[in-house]
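K.L.:
So for the sequence shown, this note's numbering puts the first residue at 110; every next one is plus one.
Derived from the structure by calculation, the hints contain no laboratory data.
Be aware that one or more of the hints could be misleading.
[As the list claims (entries may be wrong)] With a straight-line Cα cutoff of 25 Å, these simulated DMTMM-like cross-link-like pairs (lysine to aspartate or glutamate) come out: (1) LYS342 / GLU139; (2) LYS340 / GLU139; (3) LYS217 / ASP253; (4) LYS334 / GLU139; (5) LYS217 / ASP151; (6) LYS276 / GLU114; (7) LYS217 / GLU139; (8) LYS334 / GLU324; (9) LYS217 / GLU324; (10) LYS276 / ASP253; (11) LYS276 / ASP237.
[Claimed, not checked] Simulated restraints, written as ranges between beta carbons of each label pair: (12) GLU139 / ALA228: 19 to 29 Å; (13) ILE318 / GLU114: 32 to 42 Å; (14) GLY164 / VAL250: 20 to 30 Å; (15) LEU247 / ILE333: 21 to 31 Å; (16) LYS342 / LEU247: 46 to 56 Å; (17) THR115 / LEU218: 19 to 29 Å; (18) SER346 / THR326: 26 to 36 Å; (19) LEU283 / LEU189: 15 to 25 Å; (20) LEU321 / ASP237: 21 to 31 Å; (21) GLN240 / TRP185: 27 to 37 Å; (22) TRP185 / LEU247: 27 to 37 Å; (23) GLN118 / ASP237: 56 to 66 Å; (24) GLN118 / ARG282: 11 to 21 Å; (25) LEU175 / SER325: 17 to 27 Å.
Where is the CB? At the ideal position from N, CA and C, for every residue including glycine.
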Amino acid sequence: MTTIETSPQLYARTGGLLYLFIIVFGGFAEGVVMNRVIVAGDAAATAHNIMASPGLWNLSVAGNLLVPVLAVAQAWIFYLLLRPVNRQLVLLSVFLVLVSLSVESVSKLFLLAVMPILASANHPGAFDPLQAQSLAHLSLVLHDIAFNIALIFFGFSCLVDGYLIFKSGYLPRLVGLLMQLAGLCYLIACFAALLAPTFANVITPGILIPALIGESTFCLWLLIKGVNVVKWKARTSIEALSGASASL
110 MTTIETSPQL YARTGGLLYL FIIVFGGFAE GVVMNRVIVA GDAAATAHNI
160 MASPGLWNLS VAGNLLVPVL AVAQAWIFYL LLRPVNRQLV LLSVFLVLVS
210 LSVESVSKLF LLAVMPILAS ANHPGAFDPL QAQSLAHLSL VLHDIAFNIA
260 LIFFGFSCLV DGYLIFKSGY LPRLVGLLMQ LAGLCYLIAC FAALLAPTFA
310 NVITPGILIP ALIGESTFCL WLLIKGVNVV KWKARTSIEA LSGASASL
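Using the sequences and the accompanying hints, generate a full structural model.
P.N.:
Shown next as structure tokens:
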């Protein structure tokens, strides 16, 4: 049976591959499609764009739904990879990620509601077109609010993961620092979006570039280089000895 102890590189590269899928699906759904179809402050134009490209919109929603599913498996692998550094902190990171993914999954309900709301304008006795457009716009706003809340928890998990990577010895310290910078950028961007939207408009999307660099660097390092196996085994041996001492 293949385990993290016998095949750390397999787990590292699997985690990197999952991370790559998450970045690609999330980037396509939130970065490409949303920016193409959503017109800020114009519910009618947004509704027209969505109804004019239903296949593209549904593909975006599908990508949004896949991200939390893949992220659960990724969180499990990251737990195994970073567990030798500090069990308590890696558990904290996992809890933060799971809360983030729970809120993010709920946020996708608002995306799933958009098409049925807009389609209801074509049925007698349902919403008129203006009402449907307003409700669909409200659904998109609620999705953004929930998604920003989810990213706050994710930002804190990046701070913890970055510290664990920095201290690990079997992953580059620079990657750890970049992940902590990513977490800090997420926190600034999301708190600004929720509490200071005018300021958020000034700093976005620039504030998210370091986050993209940090996550992409970690993703590619795991996918291409993995972990330093010699230092990994040394660290796991220390953890095993510590666990044995604690049980005596």
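K.L.:
Work down the list of hints and note, for each, if the structure agrees.
P.N.:
Outcome of the hint check:
Using a Cα cut-off of 25 Å, the hinted pair LYS342 and GLU139 is violated, with the two alpha carbons roughly 39 Å apart. A C-alpha spacing of about 38 Å is found between LYS340 and GLU139, which places the hinted pair above 25 Å, so the restraint is violated. As the CA atoms of LYS217 and ASP253 are separated by approximately 10 Å, the hinted pair is consistent with the 25 Å bound. Proximity of LYS334 to GLU139 is assessed by CA-CA distance (about 29 Å); at most 25 Å being required, the pair is judged violated.
A C-alpha spacing of about 21 Å is found between LYS217 and ASP151, which places the hinted pair at or below 25 Å, so the restraint holds. The hinted pair formed by LYS276 and GLU114 meets the criterion: a straight-line CA distance of about 19 Å does not exceed 25 Å. For the given pair, LYS217 sits about 12 Å from GLU139 by alpha-carbon distance, which is consistent with the 25 Å threshold. Proposed proximity of LYS334 and GLU324 is supported: the alpha carbons are some 15 Å apart, at most 25 Å.
Using a Cα cut-off of 25 Å, the hinted pair LYS217 and GLU324 holds, with the two alpha carbons roughly 22 Å apart. Annotation: proposed proximity of LYS276 to ASP253 is violated, straight-line Cα distance about 34 Å (limit 25 Å). For the hint linking LYS276 to ASP237, the alpha-carbon distance of about 58 Å lies beyond 25 Å, and the restraint is violated. The beta-carbon spacing between GLU139 and ALA228, approximately 23 Å, falls within the hinted interval of 19 to 29 Å.
A hinted range of 32 to 42 Å holds for the C-beta pair ILE318 and GLU114, which are about 37 Å apart. For GLY164 and VAL250, the Cβ-Cβ distance of about 24 Å falls inside the hinted range of 20 to 30 Å, so the restraint holds. Judged by the Cβ atoms, the range 21 to 31 Å given for LEU247 and ILE333 is violated: they are separated by roughly 44 Å. Remark: the range hint 46 to 56 Å for LYS342 to LEU247 is upheld by a beta-carbon distance near 54 Å.
Evaluation of the 19 to 29 Å hint for THR115 and LEU218 yields a failure: the beta carbon distance comes to about 41 Å. Under the hint 26 to 36 Å, the C-beta atoms of SER346 and THR326, about 28 Å apart, fit the expected range. Between LEU283 and LEU189 the CB atoms are about 22 Å apart, so this pair conforms to the stated range of 15 to 25 Å. For LEU321 and ASP237, the Cβ-Cβ distance of about 41 Å falls outside the hinted range of 21 to 31 Å, so the restraint is violated.
For the hinted restraint 27 to 37 Å between GLN240 and TRP185, the CB-CB distance of approximately 44 Å leaves it violated. Taking the beta carbon of each, TRP185 and LEU247 are about 35 Å apart, inside 27 to 37 Å as hinted. Hint check: GLN118 to ASP237, Cβ distance near 59 Å, so the stated range 56 to 66 Å holds. Separated by about 20 Å at the C-beta atoms, GLN118 and ARG282 satisfy the suggested range of 11 to 21 Å.
Separated by about 19 Å at the C-beta atoms, LEU175 and SER325 satisfy the suggested range of 17 to 27 Å.
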